[in-house]
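Asks: Sequence:
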Amino acid sequence: NSGSNSDFIETELYTGIDWLEEVVGNIRKLKSLKKNWDSYKGLPIDKNLISAAVQILSEIKSLRKKIPKPFVGPIGNGGIDIQWDCGEKFLSIKLRVDGSSRFFYFDRKNNLDENGPIQINKAGNVDGREISDIIDRFF
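Heads up: the sequence shown at position 82 corresponds to 82 in our numbering, and the numbers run straight through without jumps.
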């Protein structure tokens, strides 16, 4: 089941960003996952990636746009996946322990896709401008 939608904290779409506190709380709960949390040798979630995920969502709040609530879930290698699936558009921000964090964007209507790196330093800090640029292109 690792990587399936059943692993994600189920959410529903909202207008605005009134979901921020709830989603940040759900991200912080990921730190309680122990080794083998998924019965496939899943690793505990990296604390610096939890910090990065919270920073990303805080940056999104600062944009003051109406953005739907994301799905947030653990990745078996100790990372975090933040996803927005909005019908014609899909955005995933995968925060990975090995430093290869990336975003993936797909526009189903226009058959366009884009992906690229997301820089996270060892302390779990992200570049707010980089996140703003990604979100602006998607929403």
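Hints listed in this document are in silico derivations from the structure and should not be mistaken for laboratory results. Virtual Cβ for every residue (Gly too), placed ideally from N, Cα, C. Treat each hint with caution, since some may be false.
[Stated by the list, open to error] Here are the computed lysine-lysine pairs in the PhoX-like style, where the Cα-Cα straight-line distance is at most 20 angstroms:
#, residue 1, residue 2
1, Lys-47, Lys-122
2, Lys-94, Lys-47
3, Lys-29, Lys-89
4, Lys-29, Lys-69
5, Lys-31, Lys-122
6, Lys-94, Lys-61
7, Lys-122, Lys-94
8, Lys-31, Lys-94
9, Lys-31, Lys-41
10, Lys-35, Lys-47
11, Lys-89, Lys-65
12, Lys-47, Lys-31
13, Lys-122, Lys-109
14, Lys-89, Lys-66
15, Lys-41, Lys-29
16, Lys-94, Lys-69
17, Lys-41, Lys-69
18, Lys-35, Lys-66
19, Lys-29, Lys-47
[Unchecked claim] Here are the in silico distance ranges between beta carbons for each label pair:
#, residue 1, residue 2, range
20, Arg-64, Arg-28, 22 to 28 angstroms
21, Asp-18, Glu-88, 19 to 25 angstroms
22, Asn-111, Lys-34, 29 to 35 angstroms
23, Lys-89, Ala-123, 18 to 24 angstroms
24, Ser-62, Lys-29, 22 to 28 angstroms
25, Asn-111, Glu-22, 32 to 38 angstroms
26, Leu-112, Asn-36, 27 to 33 angstroms
27, Leu-33, Gln-119, 21 to 27 angstroms
28, Lys-35, Lys-109, 40 to 46 angstroms
29, Gly-76, Glu-21, 38 to 44 angstroms
30, Ser-32, Lys-61, 23 to 29 angstroms
31, Gln-119, Leu-63, 14 to 20 angstroms
Asks: Identify every previously stated hint that the structure contradicts and give their numbers, smallest first.
Replies: 3, 13, 17, 18, 22, 23, 26, 29
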